[in-house]
Structures are given as structure tokens and as C-alpha cells.
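**Student:** All chains, please: the whole structure from these sequences, using the hints.
Protein sequences appear in the order of chains H and B.
Position 197 (the first sequence) corresponds to 197 in this note's numbering; numbering is contiguous.
Take any residue in the second sequence, note its place counting from 1, add 1000, and you have its number in this note's numbering.
Simulated from the structure, these hints should not be mistaken for laboratory data.
Among the hints, erroneous ones may be present.
As the list claims (entries may be wrong) - Stretch by stretch, here's where chain H covers chain B in the computed footprint (C-beta under 8 Å, at least three residues):
id : stretch
1  : 1154-1165
2  : 1259-1272
3  : 1343-1350
Backbone N, C-alpha and C define an ideal beta-carbon position, used for all residues, glycine too.
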Amino acid sequence: MNTALLILFHLILLLAIPPLLPGIINKIKALAAGRKGPPVLQLYYDLFKLARKQVVLSQTTTWTFIAAPVVTLTALLIAGLMVPFGSFPAPLSFTGDLILFAYLLALGRFFTTAAALDTGSAFEGMGAAREVTFACLSEPALFFALLVPAKMSGALVLAELLHAPLTATWQTAAAPMVLVAVGLFIILLAENCRIPVDDPNTHLELTMIHEVMVLDHSGPLLGLILYGASIKLFILCALFLHIAMPFQAATPLGNALLFLIEMPLTAVTVGLVESVMARLQMRHVPYLLIAAILFCGFGFILLVR
Amino acid sequence: MSESHHHAPVLLPITNGQTVPLNRIPILTPDLFQSVVLRELAAGARAVTYFGMKPRHGLGLDLHIALAHDSRNELLLTSTHVEARTVPSMTPVQPQLHLFEREIAEQFGLIPEGHPWFKPVRYHHAEKPNVDAWNRPDDQPILPAVGDFYRVEGDDIHEVAVGPVHAGIIEPGHFRFQCHGEHVFHLEIALGYQHRGIENALLGAHPNKALHLIENIAGDTAIAHATAYCRLLEALSGVQPPIRAQALRAIALELERLANHIGDLGALAGDIGFLPTSSYNGRIRGDFLNMTALLCGNRFGRGMLRPGGVECDADAARIADLQKRLNAGEKDTASAVELLFDTPSVLARFEGKGTLPKETAAALGIVGPAARACGLARDVRHDHPYGLYRFAQLPMSTCDTCDIFARAYVRRLEIQQSIQFIREQAAALPAGPIKTPIAPLKPDHFALTLVEGWRGELCHTLVTDEQGRIRRCKIVDPSFHNWIGLAYAVRNQQISDFPICNKSFNLSYCGHDL
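**Tutor:** As C-alpha cells, this is what we get:
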């Protein structure tokens, strides 16, 4: 296939598919609880609705408050360009881009927390403190997770280290790969504010992590945040799939289909995890994240020993 | 009670729902009143109600108190007349009186000197002009939660204010936390936003209109409050409701308990993000509300009770339908609740969190499932039985871990027992009429009833004047006793655990605010 077409495909996937994932998760959660649940396309409807709404701004906020959703979404979109989606190659890739990838996520987080502090609300400050505390632990876990494929492929380029050789790695070093996959799944849950770390459905401000930081955002700004959150989920799911699902179809088309099947399945898995367990108490969240670091770290040690 | 003196007794023993002529209640001097009350409380009694009443003639204030020795199944009355503007506070010795003293000060301007945290309760004007205990002007409105809050000083301390507008569809109340990071040092709760003046609105209200007010004290406790009030009117008019009516009342009261306990367990699951029980119990709660609707046409039991009996009879077909629904409801509840208690991630959130030590709960005068979860054996149905509960005993459900788990577990046990109780009572429903006409109220009488609502003990007191009209009505909702228990339970907890602690008590704002 020609490169321009592949890039176009990548962009379409990156821009259009993400809002589907929260819809699938919510549907699974509803079904598991014996409810019908909102339509799978609900987030698309919500985004459309929010886009037409007015923005209400608190008098205490500054430009940071408006800039945050824009910067966060932009950072996530750039990060999304570096991750190959299944067999679709990443349009943007260079040596060491995995560092940039991690810090683009961090940049988004920085602006979100800055906007939360900008409102001067006790709730939002609390949420920002929690978010930053937990990020300190999920970031090293992410680096450890990426070290394993980096070591195996000998590359420091996301597109390369996530690609083909992983099938071989599973055959020669299944144990470290299992550890890394588990660790990465925990990171996926934590970074996307899912149960057991955070509860995206709660209305209780005092228990929130991510939701409480965006309480004051409204209208299109809130829409950008929700859209950005779904893109982050999509990117991390894609990353997780490379590590956890190293199957390759014979043809590029088959690979594309495989990706399009695996992605909703990941959302289903997240939905099932959320359906069968309660949230951790806030104090125990770091333990879970440290477990993620240990999983990824041990995976790396097993590989290099 | 030491009956060694030969002069008049200082305490009048009564039974739950008994009426006595006002002049038979001992009137002690303020000093003797305090020493008698403190003696009884120190001997293990509990204050079920303590209120002020304008004297019929002259100045000053009459104070009435009812004390319960639960283990001896004994209720004691006494009173005093105070002319002074201040009395020594009994709260430093007996913390369970703290809110009663504040309430009396707010309503009548009698200042309890030495009260450790002397603030208004509901933020309204006093009954008379020029007596405000905080010297607030009579001609200006009083806004809720205005005033100083307890503060912990220090650079690292931050204050979190929650409410009165909350994120969920709940009532208004203001919570002020003193925190160090996620750690809660202190919580102060300011209520009063829902104050409607129900006690005064009942004065001179027609009994049927009064019942509407009573059913609206706390919408989720309509049957319990209506039961208490109807029993007062029956006692004061010397009428016994027919036994069939008493059985239907008890069935309705247990159905109210079931719907709320099941809803609470679901809400506890919802607060920790445990979806299955949260969703199932939401639906099952509706099934039990519909059983109440089957009995009387209203899901919350409004209009079910009438002074003298009940409004709606249940024929055999209806009872059979109730039994069928009860069996289905029991099965659904059992599996949804078992799932909750069998999930390790749920227990990790319940166990050892929001602990209210037994001694603290006893000192604060906590009632209901919250008290039984601290190992305190307090249940009106057991200790001061009335109506059907005199014939049909319900075992008391207690748990001694004092935490969120205990409060959930007591509810689970009570769900099982209430279902069993309804099944047995509905199968053996006595025949006969459902209503006795009530007579005019006896003049110059005092009546007190206790009812174990789903949240705990509620106490209604009525005093009639010389023409048999209502002179004073005092209502104590269980929430009035228990809000302070929540404030203590969240001390030294994580602030993120506050909502689940709160839900484990699930107190009423409007029941407190009246």
C-alpha cells in the first residue's frame, strides 16, 4: 500500500475510533450489572452536544484554564502519531521518540493539573495532587514496560520496538512478556482513570482523581477533554495490544482486521474488570502502581539476566 | 432509682406509648434536676428526648427529659422549671446531651454555660423576641452555617468545604473538613437548610393535615414517623387501634426498613464502584417499595396510617400477592447481597474503615443500626416493645467491629429478619376491623412514643393544653442523635473514604432539620 494512504488510515483511526471505546466499556459494565446502558455511540453524541454549548468561565481562572484542554489534546494527538496501530505504521518516528512519547503524556497531565489548580477550588487541588502523585509511579512503570521490547529489538524507536519482532520474543521469552503485559494493563487502567484506580462514573468529588480536575470545564472545552481522554485510552490500548497480542496475520489487510477486532476486545476486558471489582481505597493505589513497576521491572531483569 | 427517700419520687416511670397527666411528672428544682439526670445517665441511661416548653403562666421555661434504661426496659420522665437565663451545661459530663442543649438554647434562649461547642442547630429565630442566645438581631434573617467553624491551625493544614450543594441528588448540608493531605483531623457538620418549623406547624393543625406534615419529616421514614404520631394521638384519646391494624402497621414498618436497607447496601456498593450489587439493589429496592404500594397505594407508605388504625385493608388475595413478591425479593436480595459480602475488593473497603468505638458511640447517644454496629444493644422493638412487637419478637442484630463493614452487616441481618417477620405476620394476620374512631385528646396530658425506624429510634412527644389542644410537639429523628457519630467516624480517616462512611450512616438532613 502506498505510504500516504497508510498515514491517512492511521489518522482516521486516531481521530474517529477512540470515542467508541468508552462506549463499549460502558455497555459491558451495564450488561454485567443487568442494565441496558447508554448507546455505544454515546460519547459521539455527547461531543456533538458539547461542541454546540457555551463555555462558562470562573472569574478566578486565567488563560491556563482554556489552554489546558487544547494543549492536552494536541500532545495526545502527537503522541498518537508515534504509535503504530497494529500493522498501520506510525507516521512520525525517530530515534528516541519513546522518550518524547512519555513526556507528551506528561505534558498533557501538567496542563490538566495546572488548569485544576488555576480554579482555586479545594476539590480540584486535591485531584491535582492525587493525579501527580500517582503519575510519579505510573511513569517509571511505562518506561520499564517499553524497555523490554526496546532491548529485544535493539531499537529506541516506538514504531520499530513495537513491531514484528515481538512475535519472536513471545516464543523465546514468554515469561517476561507476560509480566510486562500485566504491568502495562495496570498502567492502562491507571492512566485512563478506570476502576480499580479511579471511578469514571462517580459523582463523589472527594473520591475522584481525574474527574475532579475537570469539574469546572464546560461546553467545547469539556468536549476536548473527553475526546482527549478517549484518544489516550486508544493510544495506550494500541500500545498494550502490541505487547500482549503479538499475533500476525498473513496479509496487511488481515493485520488491519485483527487490530480492529482486538481493540474493542481490550475495551471489553476493561469493562469486565470494572464490573467484577470495587475500587481500591486511595491509599492502596500506589501499591498497585508499584506492583506495575515490579511486573515490568522483573520482566526486564528476566530478559537481560 | 433510689426510692429510699420518703418524699415525692424524682422520676416517673412510664411505658412506651403511655400517656400521663402533666401534673404527675415530677417538677424538680434546676439543681436537683441536673443531679438526677446526671445520676441516671451515669448509671447507663440514655436521653431519648430533652426539650423546653413555655410554661402556661409566667416567665421562665419548663424543661422535660425522658431517659431510657434499655436493659431494664424502663422509661423515666422528669422535669424542671428554670427562671434564669443560663443553666450549667451537662454536656461536658454527658456528651449525648450536646445537641439537645443547643436546641433548647436556640428555641428558647436558655444558655448552657460551659457547653464545649455552643452553636445554633438549625439557624432560626427563637420562639420569643429578645432572647436569642447568640444575641443575633430579631429583625434580620439568620442564614444557615453562618459563624465560626472549628479550625486546626498550621501551615500544612488545609480546609475542605463540601456542600450545601452536592453533586448527587441529595439534601443540602455543609461539611467542613480540617485535613492534612488526605488525612482528616476533624469534620464539622452544619445543618439547618431544611428547617421548615414542623413542630410549630403541628400546633393547632387538624389531625389529618398533621399527618401529612408528619409523613414529610423525612420522606424515607414516612411510615415510622406516622406510626409514632398516630400512637400519640391514640394514647391521648384513650383509644386502642384494632390488632389487625397494628399488624398491618408493623408489616408496613418492616417493608420500609427493607426498602431502605437494601437501597443502602446498593448505595454502599455504588460508592466504591462495585456495579453488580449497586444496580441490582437499586431495582430490588423498587420491588420492596412496590410491596408497600400494594398495601396502601403509595410506594413510601403515605396515607397508609390513620390515627386509630390504618386506612387500607389487605384482603387474602393481596396478602398472597405480597407473600409471593416477598419470596422473589428475598431470593434476589440474598444473591445480590451475598455477592457484595463475598467480594474481597469490597471487604477491603469496608473493614476497619470509619470506626466508631463502642464507648464513643455510647457517650454520644448513637441509635439504630449505627449503634448496633458498635455492639450496643439498642432496639426499641426489643427494649420498649409496642403494638405487634409485644407479641412477635424480633432478634436484635448487632456486630462489634464498629466499622463500615459492621454497619453494612447489621443491615444484612436485619433484612433477613424483617423478611421472616413479615412472612410470619402476614400468614397469621388477625381478622377484624382496621380502624377505631379516635376521641378528643385528654387535656393537660403528656404522651411519649418510641418507634424503631429503619435509621433508628425516633421519639415523638405531645403535650396538650387545658382544652385538649396540642400545646407542644417534640420530634426527635434518629439523625438528630447520629450526625455527630459520622463526624467522629471520619476522624483520622482518608478524606476519600468520607463518602462511603457517610453512606454507611445514611442520615437524614430534613429529619434533623425538622
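**Student:** Which of the listed hints are not met by the structure?
**Tutor:** none
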